[in-house]
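Please construct the entire structure, taking both the sequences and the accompanying hints into account.
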Amino acid sequence: MRRVVVTGLGLVTPLGADVETAWKNIIASKSGAGTITRFDATDYQCRIACEVKPADHEYGFDAGKRVDHKVQRQVDPFIVYGIDAAGQALEDAGLTDMSEEERFRAGCSIGSGIGGLPGIEAESIVLYEKGPRRVSPHFVHGRLINLISGQVSIKYGLMGPNHAVVTACSTGAHSIGDAARMIAMDDADVMLAGGAESTICPIGIAGFAQARALSTNFNDTPEKASRPYDVDRDGFVMGEGAGVVVLEEYERAKKRGAKIYGEVIGYGLSGDAYHVTAPHPEGSGAFRSMEMAMKKSGLALSDIDYINAHGTSTPLGDELELGAVRRLFGNAIGDLSMSSTKSAIGHLLGGAGAVESIFCLLAMRDQIAPPTLNLDNPSEGCNGVDLVPHVAKERPIKAVLNNSFGFGGTNASLVMRAL
Amino acid sequence: MSETADRVKKIVVEHLGVEAEKVTEDASFIDDLGADSLDIVELVMAFEEEFGVEIPDDAAEKISTVKDAISFIDANKG
Numbered sequence: 001m002r003r004v005v006v007t008g009l010g011l012v013t014p015l016g017a018d019v020e021t022a023w024k025n026i027i028a029s030k031s032g033a034g035t036i037t038r039f040d041a042t043d044y045q046c047r048i049a050c051e052v053k054p055a056d057h058e059y060g061f062d063a064g065k066r067v068d069h070k071v072q073r074q075v076d077p078f079i080v081y082g083i084d085a086a087g088q089a090l091e092d093a094g095l096t097d098m099s100e101e102e103r104f105r106a107g108c109s110i111g112s113g114i115g116g117l118p119g120i121e122a123e124s125i126v127l128y129e130k131g132p133r134r135v136s137p138h139f140v141h142g143r144l145i146n147l148i149s150g151q152v153s154i155k156y157g158l159m160g161p162n163h164a165v166v167t168a169c170s171t172g173a174h175s176i177g178d179a180a181r182m183i184a185m186d187d188a189d190v191m192l193a194g195g196a197e198s199t200i201c202p203i204g205i206a207g208f209a210q211a212r213a214l215s216t217n218f219n220d221t222p223e224k225a226s227r228p229y230d231v232d233r234d235g236f237v238m239g240e241g242a243g244v245v246v247l248e249e250y251e252r253a254k255k256r257g258a259k260i261y262g263e264v265i266g267y268g269l270s271g272d273a274y275h276v277t278a279p280h281p282e283g284s285g286a287f288r289s290m291e292m293a294m295k296k297s298g299l300a301l302s303d304i305d306y307i308n309a310h311g312t313s314t315p316l317g318d319e320l321e322l323g324a325v326r327r328l329f330g331n332a333i334g335d336l337s338m339s340s341t342k343s344a345i346g347h348l349l350g351g352a353g354a355v356e357s358i359f360c361l362l363a364m365r366d367q368i369a370p371p372t373l374n375l376d377n378p379s380e381g382c383n384g385v386d387l388v389p390h391v392a393k394e395r396p397i398k399a400v401l402n403n404s405f406g407f408g409g410t411n412a413s414l415v416m417r418a419l
Numbered sequence: 001m002s003e004t005a006d007r008v009k010k011i012v013v014e015h016l017g018v019e020a021e022k023v024t025e026d027a028s029f030i031d032d033l034g035a036d037s038l039d040i041v042e043l044v045m046a047f048e049e050e051f052g053v054e055i056p057d058d059a060a061e062k063i064s065t066v067k068d069a070i071s072f073i074d075a076n077k078g
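Chain order of the listed sequences is A and B. Each residue of the first sequence is one higher than the one before, counting from 1 in full-length UniProt numbering. Each residue of the second sequence is one higher than the one before, counting from 1 in full-length UniProt numbering.
Take these hints with a grain of salt, some might be off.
With a straight-line cut-off of 25 Å between C-alpha atoms, the simulated SDA-like cross-links for lysine to any residue are [as the list claims (entries may be wrong)]:
| # | chain 1 | residue 1 | chain 2 | residue 2 |
| --- | --- | --- | --- | --- |
| 1 | A | K255 | A | H275 |
| 2 | A | K70 | B | K67 |
| 3 | A | K70 | B | D57 |
| 4 | B | K77 | A | V135 |
The set of hints was computed from the structure by calculation and includes no laboratory data. Note that this is a predicted model, so its numbers are computed, not measured.
Rendered as structure tokens:
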């Protein structure tokens with residue numbers, strides 16, 4: 001099997017719309033949470049979110065930088081974020097002017113958990129208020145999940161595999177894992193892989209709140225709301241943004257002297273086969289996903305230095321994941337650090353796995369584990385595990401594991417190592 | 001320039017993201033302003049909203065330049 005490495009990164013997050021800004025803010029223990037500004041959420045159970053900041057903000061997002069004006073008007077924000085993050089990653093990898101021959105072997109696997117919910121909501125109102133002849137001709141392709149991959153392929157002329165994963169909150173991790181396999185199996189030499197999400201809209205907040213998934217106890221102190229592993233956690237805080245990496249076949253990357261962030265060496269997938277929203281009570285799916293990824297990686301359990309947890313700050317999920325980690329790693333758990341960056345940027349749903357994989361790669365580059373914010377009083381099940389509370393921790397990090405789990409009982413784990 | 005022309009041009013600039021100077025009366029939406037067939041559907045909808053006119057599909061198909069749009073609107077608005 002061909003080896004696959006990461007040679008480019010791109011991020012749009014609530015703490016920064018480029019890789020270095022977002023990472024700097026994560027390491028500085030900043031929180032991207034605040035009162036919802038996109039709409040008046042006064043009457044909602046949950047009134048907080050981690051929004052991507054506007055262009056005039058200190059670490060805001062300027063859509064005009066990489067996305068045409070016309071495209072911005074036609075598509076939902078998740079596609080705009082995805083196009084920008086993909087552009088950043090290609091620029092970072094130095095692959096913006098590939099030859100036609102190279103571009104035949106370069107593809108996209110950029111997914112989303114939900115897709116264009118704000119646009120679906122808004123256009124439904126147009127339909128009911130003004131009738132079918134007022135619905136935008138760009139409605140469908142401006143909301144479809146695979147239209148990040150579609151738009152990016154058109155913008156950069158990438159003619160290889162064009163794919164889009166839809167596995168709820170596992171999307172970002174599955175996207176990278178699937179795309180790595182496409183390269184390993186010789187379907188492509190270069191793949192843009194990742195995920196994006198933007199569902200901070202009335203129906204999105206109301207829907208997740210009704211599913212009892214969102215935090216509702218911290219509406220007056222938004223930065224305290226995302227608190228994975230803490231006894232007072234009461235649900236996740238919705239985030240938004242995108243993460244995209246450039247995956248490249250190792251020999252090709254080496255030959256052109258590319259900067260290599262790490263190698264994707266293990267990928268595990270499983271299903272809980274248990275419940276649509278609740279995780280399996282023994283964390284069986286999470287366990288098998290991690291076990292498969294570790295087995296594929298060829299590493300010993302003790303080789304893993306850092307785990308970026310799914311850790312959404314929901315009462316059930318955090319401890320079940322930690323329990324599964326404990327069972328798999330046994331005594332080796334005492335030597336690793338594990339944190340949830342969702343404590344800082346919220347839950348990016350379909351973007352989470354990709355954004356968090358990027359944080360894993362940066363943790364290896366800078367030899368520092370990002371913190372779990374708000375972990376004031378760890379839950380009972382957290383004893384003996386370094387969850388990196390409050391502040392980042394410098395430590396040797398040569399190999400990492402990233403977990404993502406989603407509604408429907410879908411699980412994905414990735415193992416990466418430094419070269 | 002007529003009031004209709006001003007308002008048409010403003011809509012074209014906003015929807016297609018082109019510079020105002022390029023939106024001359026002779027400009028073709030597709031050949032000169034980078035529109036595709038769906039952009040024209042959207043423009044026609046915007047004209048209908050702005051001017052309170054109905055532009056049937058067979059009439060919309062004949063609108064290919066900025067001038068075509070202005071003429072149709074002037075001839076049909078109430």
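Now the hints, each set against the structure:
no.: 1; hint: K255/A / H275/A; verdict: violated (47 Å)
no.: 2; hint: K70/A / K67/B; verdict: holds (22 Å)
no.: 3; hint: K70/A / D57/B; verdict: holds (23 Å)
no.: 4; hint: K77/B / V135/A; verdict: holds (22 Å)
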